Amino acid sequence: MIKTDNKKGSILEVLFLLFFTFFCSCSAFAESDDMPQFFVPSPPFSEDIYPCSMCHEGMETNTTPRQLEWPHDWIKLKHSERQRWCLDCHDAENRDQLRLANGDHVSFKESYKLCGQCHGTIFRDWKVGVHGKRTGEWNGKKQYRLCVHCHYPHNPKYKDLKPLPPPAKPDEITGVKTELIMIKDNVPMWAEWAEKNKIEGFKTKDTESGGQKLSVPVISEKKEKREKGNEH
Amino acid sequence: MNINRRSFLKGTAAGLAAIGLPVSKSHASFWESFFQKHYREMTDNEKDEVVKRLEVEYSAKYGKNFDVATTKPIDGALFGYGLDLSRCIGCRRCVYACTAENNQSRDPQIHYISVLRFKQGEKWVNDLEGSDKYYDPETVPEEGHFYMPVQCQQCENPPCVKVCPTQATWKDPDGIIVVDYNWCIGCRYCMAACPYGARKFNWGEPYLPENEINSQTHYLGNRPRLKGCVEKCTFCVQRTRLGKYPACVEICPVGARKFGDLNDPASEIRYCIEKKRVFRLKEDLNTLPKFYYFFAT
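Protein chains in written order, with our numbering: chain A, 10 to 241; chain B, 529 to 825.
Because the hints were derived from the structure by calculation, they are not lab data.
Nothing here was measured: the structure is a model prediction, and the numbers come from that model.
Accuracy of the hints is not assured; some may be wrong.
[To be verified] In silico DSBU-like pairs for lysine-lysine, Cα to Cα no more than 30 Å straight-line:
| no. | chain 1 | residue 1 | chain 2 | residue 2 |
| --- | --- | --- | --- | --- |
| 1 | B | Lys804 | A | Lys118 |
| 2 | A | Lys166 | B | Lys699 |
| 3 | B | Lys804 | A | Lys122 |
| 4 | B | Lys755 | A | Lys168 |
| 5 | A | Lys168 | B | Lys690 |
| 6 | B | Lys755 | A | Lys178 |
| 7 | B | Lys651 | A | Lys178 |
| 8 | A | Lys151 | B | Lys699 |
| 9 | A | Lys171 | B | Lys600 |
| 10 | B | Lys803 | A | Lys150 |
| 11 | A | Lys142 | B | Lys755 |
| 12 | A | Lys166 | B | Lys803 |
| 13 | A | Lys118 | B | Lys803 |
| 14 | B | Lys600 | A | Lys168 |
| 15 | A | Lys122 | B | Lys772 |
| 16 | B | Lys651 | A | Lys168 |
| 17 | A | Lys150 | A | Lys87 |
| 18 | B | Lys600 | A | Lys166 |
| 19 | B | Lys803 | A | Lys168 |
| 20 | A | Lys178 | B | Lys661 |
| 21 | B | Lys600 | A | Lys151 |
| 22 | B | Lys803 | A | Lys122 |
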């Protein structure tokens, strides 16, 4: 019994190994299936900084976390800095590549794979085009951006922007001829209109209110007339 | 003399027109636009004629070659929009990209998009009065605030269409509410009916500098408008019917704006609706907007 069990176990092991190698060889294919067709522009390197091997070629790698000196002294890591250091993301052996947690190398052009290791939900949204900016055609080719186009990887919080000017307030709006002045020379405009069109019942009388001359509408006349009419 | 009813009416109409209309303006193009049909009643040939006339008119007015398209809706497409409130930083890039794309009047100023600022923790969804759209800090986003851009929600059950006395505004098969600016009489009933304040009125003769004009236009979209007509966001009909994203989507620096086909299960807007926490503005009014606000995180 034990033997057969072992046999079964070994068969399973072999099968697993076979499957694993098959999976590995197919992973590139599987990944391209997972990733829809998208087009990312080249990474936003600072000037004259890439390829890193320009300087690092032949340099001995110091793996001890330390205060960075020139020319990298301006990098102030604010990205889980207590758990992370340069060589967690930059590959120690091949400086022109990035390093995933499993030891795989990825190029800077595919840095989203590195970011996606921790930010899985965001990565998922980014792949379908919901996180991040996407331009192009809604039913065709789409232009993606890398994470690092918006988020500086060493300090990834989105940087504040200056807003464009607020809309004009109603009293600031120009370009409209102000024909609709309600009160002109203390006379309500409709009174003038009523007089012009010989519409009865809309008359005004001058009164004083708080030291100011005002024309107020008189509506009692019409009322009186109507009452008189009723009497007849 | 034998006058039948038809010729009598024709004669009366012509007579009245001759009395009532300015003779000085009576060149051919004026009369053609005066007797222009409703856009939906025009045959393809008639549309071509109108478009040709408009292109000549606009080109003469703005000194630039104009293209006025009458692109029809894409078969089977129903446009939907998503806006990620957890991302919007209130930078107003969308407002001005929209203005540049859609030839809105600069003076008097017309904006299709209003970016509303709310204090965090305030009652807000149906209380837009408490918002501020004139905020102007040095930088955005501001501590303790969030932003909600509002534009035409392209309702499936649009109250603005219901009230229009001349049927100058209607919903096209791809779900976009459009306006025939030549057919609009400027009564502004639609503005009163719209619960989102999305419709804008040309109180004055629209003015925009010649070098800022976008000459790639659509009859129902960004062609130059007339004084006294109502206009609104059309999801950039001149772009989206050609497969492009609207201008506000293209400009948004934080990628908060999403656009796609609601009938396509693989579109990003469908993903938002199915996977994210979405809401529609003033849902209780049964306007059924196709503009979904959502929180991505």
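The hints, checked one at a time:
no., hint, result
1, B:Lys804 to A:Lys118, "holds, 29 Å"
2, A:Lys166 to B:Lys699, "violated, 41 Å"
3, B:Lys804 to A:Lys122, "holds, 23 Å"
4, B:Lys755 to A:Lys168, "violated, 41 Å"
5, A:Lys168 to B:Lys690, "violated, 45 Å"
6, B:Lys755 to A:Lys178, "holds, 20 Å"
7, B:Lys651 to A:Lys178, "holds, 24 Å"
8, A:Lys151 to B:Lys699, "holds, 28 Å"
9, A:Lys171 to B:Lys600, "violated, 39 Å"
10, B:Lys803 to A:Lys150, "holds, 23 Å"
11, A:Lys142 to B:Lys755, "violated, 36 Å"
12, A:Lys166 to B:Lys803, "holds, 25 Å"
13, A:Lys118 to B:Lys803, "holds, 28 Å"
14, B:Lys600 to A:Lys168, "violated, 41 Å"
15, A:Lys122 to B:Lys772, "holds, 28 Å"
16, B:Lys651 to A:Lys168, "holds, 28 Å"
17, A:Lys150 to A:Lys87, "violated, 35 Å"
18, B:Lys600 to A:Lys166, "violated, 43 Å"
19, B:Lys803 to A:Lys168, "holds, 27 Å"
20, A:Lys178 to B:Lys661, "holds, 10 Å"
21, B:Lys600 to A:Lys151, "holds, 23 Å"
22, B:Lys803 to A:Lys122, "holds, 22 Å"
When the structure is compared with the earlier hints, violations turn up for hints 2, 4, 5, 9, 11, 14, 17, 18 and for no others.
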